[in-house]
Amino acid sequence: MGKSLKKSRHGRSEAKWGYIMVAPTIIGLLVLNIYPFIDTIKLSFSKTRPFGLYEMRGLENYLQMFTSGEFWRANLNTLYFCLLTVPLGIFLALLVAVMLNTKIKGRTAFRAIFFLPMVVAPAAVAMVWKWMFNTEYGIINTMLSSKINWITNPNVIMITCAIVAIWSAIGYDAVLLLSGLQNISKSYYEAASLDGATKMQQFFHITLPMVSPTLFVVLIMRLMSSIKVYDLIYMLVEESNPALTKAQSLMYLFYRESFVSGNRGLGSSVVIWTVALIGVVTAVQFWGQKKWVNYEV
Amino acid sequence: MKSSLEKSRRRRTAGTYAFFIIGSIIMIFPFVWMFLTSFKSVEESMLVPPTILPQEWQGKNYDDAMASLPFLALYKNTILMIIWRVVCAVVFSSMAGYAFAKLNFKGKGVLFSLVLIQMMLPSQIFITPQYQMLAKLGLTNTVFALVFPGIVSAFGTFFLRQAYMGIPNEIAEAAYLDGCTQWQTFYKIMAPLTKASMAALAVFTAVFAYGDLMWPLIVNTDLKMMTLSSGLATLRGQFSTNFPVMMAGSLLAMIPMVVLYLFFQKQFIEGVAMTGGK
Numbered sequence: 001m002g003k004s005l006k007k008s009r010h011g012r013s014e015a016k017w018g019y020i021m022v023a024p025t026i027i028g029l030l031v032l033n034i035y036p037f038i039d040t041i042k043l044s045f046s047k048t049r050p051f052g053l054y055e056m057r058g059l060e061n062y063l064q065m066f067t068s069g070e071f072w073r074a075n076l077n078t079l080y081f082c083l084l085t086v087p088l089g090i091f092l093a094l095l096v097a098v099m100l101n102t103k104i105k106g107r108t109a110f111r112a113i114f115f116l117p118m119v120v121a122p123a124a125v126a127m128v129w130k131w132m133f134n135t136e137y138g139i140i141n142t143m144l145s146s147k148i149n150w151i152t153n154p155n156v157i158m159i160t161c162a163i164v165a166i167w168s169a170i171g172y173d174a175v176l177l178l179s180g181l182q183n184i185s186k187s188y189y190e191a192a193s194l195d196g197a198t199k200m201q202q203f204f205h206i207t208l209p210m211v212s213p214t215l216f217v218v219l220i221m222r223l224m225s226s227i228k229v230y231d232l233i234y235m236l237v238e239e240s241n242p243a244l245t246k247a248q249s250l251m252y253l254f255y256r257e258s259f260v261s262g263n264r265g266l267g268s269s270v271v272i273w274t275v276a277l278i279g280v281v282t283a284v285q286f287w288g289q290k291k292w293v294n295y296e297v
Numbered sequence: 298m299k300s301s302l303e304k305s306r307r308r309r310t311a312g313t314y315a316f317f318i319i320g321s322i323i324m325i326f327p328f329v330w331m332f333l334t335s336f337k338s339v340e341e342s343m344l345v346p347p348t349i350l351p352q353e354w355q356g357k358n359y360d361d362a363m364a365s366l367p368f369l370a371l372y373k374n375t376i377l378m379i380i381w382r383v384v385c386a387v388v389f390s391s392m393a394g395y396a397f398a399k400l401n402f403k404g405k406g407v408l409f410s411l412v413l414i415q416m417m418l419p420s421q422i423f424i425t426p427q428y429q430m431l432a433k434l435g436l437t438n439t440v441f442a443l444v445f446p447g448i449v450s451a452f453g454t455f456f457l458r459q460a461y462m463g464i465p466n467e468i469a470e471a472a473y474l475d476g477c478t479q480w481q482t483f484y485k486i487m488a489p490l491t492k493a494s495m496a497a498l499a500v501f502t503a504v505f506a507y508g509d510l511m512w513p514l515i516v517n518t519d520l521k522m523m524t525l526s527s528g529l530a531t532l533r534g535q536f537s538t539n540f541p542v543m544m545a546g547s548l549l550a551m552i553p554m555v556v557l558y559l560f561f562q563k564q565f566i567e568g569v570a571m572t573g574g575k
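Sequence order for the protein chains is P and D.
Residue 1 is where the first sequence starts when you use this note's numbering, and the numbers rise one by one after that.
Residue 298 is where the second sequence starts when you use this note's numbering, and the numbers rise one by one after that.
It should be emphasised that the hints constitute simulated quantities derived from the structure, not laboratory data.
Hints may contain errors.
[To be verified] To give a feel for the contact side, a few chain D residues facing chain P, derived at Cβ under 8 Å: (1) Met324; (2) Met331; (3) Phe389; (4) Leu413; (5) Thr425; (6) Leu434; (7) Tyr507; (8) Ala530; (9) Met544; (10) Ala550; (11) Phe565.
Backbone N, C-alpha and C fix where the C-beta goes; we use that ideal spot for every residue, glycine too.
Just chain P, with the same shape it has in the complex (with noise of 0.2 Å):
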């Protein structure tokens, strides 16, 4: 009796404390995030009038999206980005984290140095990758003796983000990788090297496959960031770069829609439609790593 007694109101303040730790992260979160994403959906069918008043207007603003060849150009820029972007730089940083498993002197000082980007605010990237690729006077073109126009090239200039973005991004994912690369037990090489297994042979059958959890979080991770690409975009290229319908991202042209045209409603269209494309993304590659990630052991 005693001890039911002693339980029940040990049960009624845990849930007392329950709700009030709670308190401060949920109410953060219905006015910071799921009001406003409610309300993102509502702009989306509405336009702006004066004094910060809308108006229903059903689908208007995903007509005007989906026959706006600039909407239309900025999801291939985006994709674009994306293919020049993520295989490549996952790839090299599966390099890097390969390499900095290894035995050797100076390791943690390597991995510091790639890691490096990643503490430096994109815009100071974005700044000396653009004196280094001035077309007159960076020393890209000076080293290559070439005259590339990197920035002011439509042609050139996702090539010259994409370099800037792997560059930025590498260290941070073969961080990720690494940690993944040393959660495989040694036994499995040592029984492998018994065996009279090449290091590639070693490579293709046991680290990717045991590594492969891990790559798929980064490659996801990636895929996203990449889709959601913008601040580097824009630090690169200014409005008045003529190379800017061949740059400007999903996410820039959100920007730019929303908070320099001040049509929010359109803007609001935009990014729904990212955020979709981000969830068929994502859906797809949880459907198709079946196929290539290795839960077991």
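Since the structure of chain P is already known, use the hints to place chain D on it.
Frame of chain P; chain D shown alone:
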């Protein structure tokens, strides 16, 4: 036999070193070039072929950068934004993470699903209404506006919940039986056990707040209320051909974080690796 094995291993080690040395040069060179350019005159920066070291080391570019951007204010805003975001994320996420992991209450599942929903949605979907709320309240161009979207952290809540789930229930029960209240059990016994996770969350929050560009650009348009990132973006428009000044400005903007990184390199990398995947 043995010596050929030894030879191939040594060759491989040499290859690894070559890879790392070339890689390191590619990673570091932009920063070196930024540093060197920031001390050259505009005329010198446009020499063909370029000089490597400045002919005359001059600090004028730093004066120019500081004259066109209120760097002291930018530092202050950025530091305040980071501190508030880190404190809010760590404190509120610890509380909620503990409650979600260790306490029983009705509706826990539904409430936790709010956390998961936020984590799955990209932050851009919240931006326009968040901005409109602040604009309506007249709170744009304030430090509060910079902190606003980071007052709570769904990711932090999820991450610290994981940390608390890793701690056996017996510890909390023992503390409770010893007469600790629920709050004391959390605050004095359990929270200190998640120190490593809290530090990781702090590093993660700080690095991303510092790099964030879109939100500060939108919400604080007054130059004095900008962050280092958004301030740099305005410098870009002002000095579109004066690269030495832009390099000086970029260097000023990145120095504090890089210095912190040099000292706490291990914590930075491990913090980010621990929170990895977000």
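Here's how the hints hold up against the structure:
no.	hint	verdict
1	Met324	holds (5 Å)
2	Met331	holds (4 Å)
3	Phe389	holds (5 Å)
4	Leu413	violated (10 Å)
5	Thr425	holds (5 Å)
6	Leu434	violated (12 Å)
7	Tyr507	holds (6 Å)
8	Ala530	holds (6 Å)
9	Met544	holds (6 Å)
10	Ala550	holds (5 Å)
11	Phe565	holds (6 Å)
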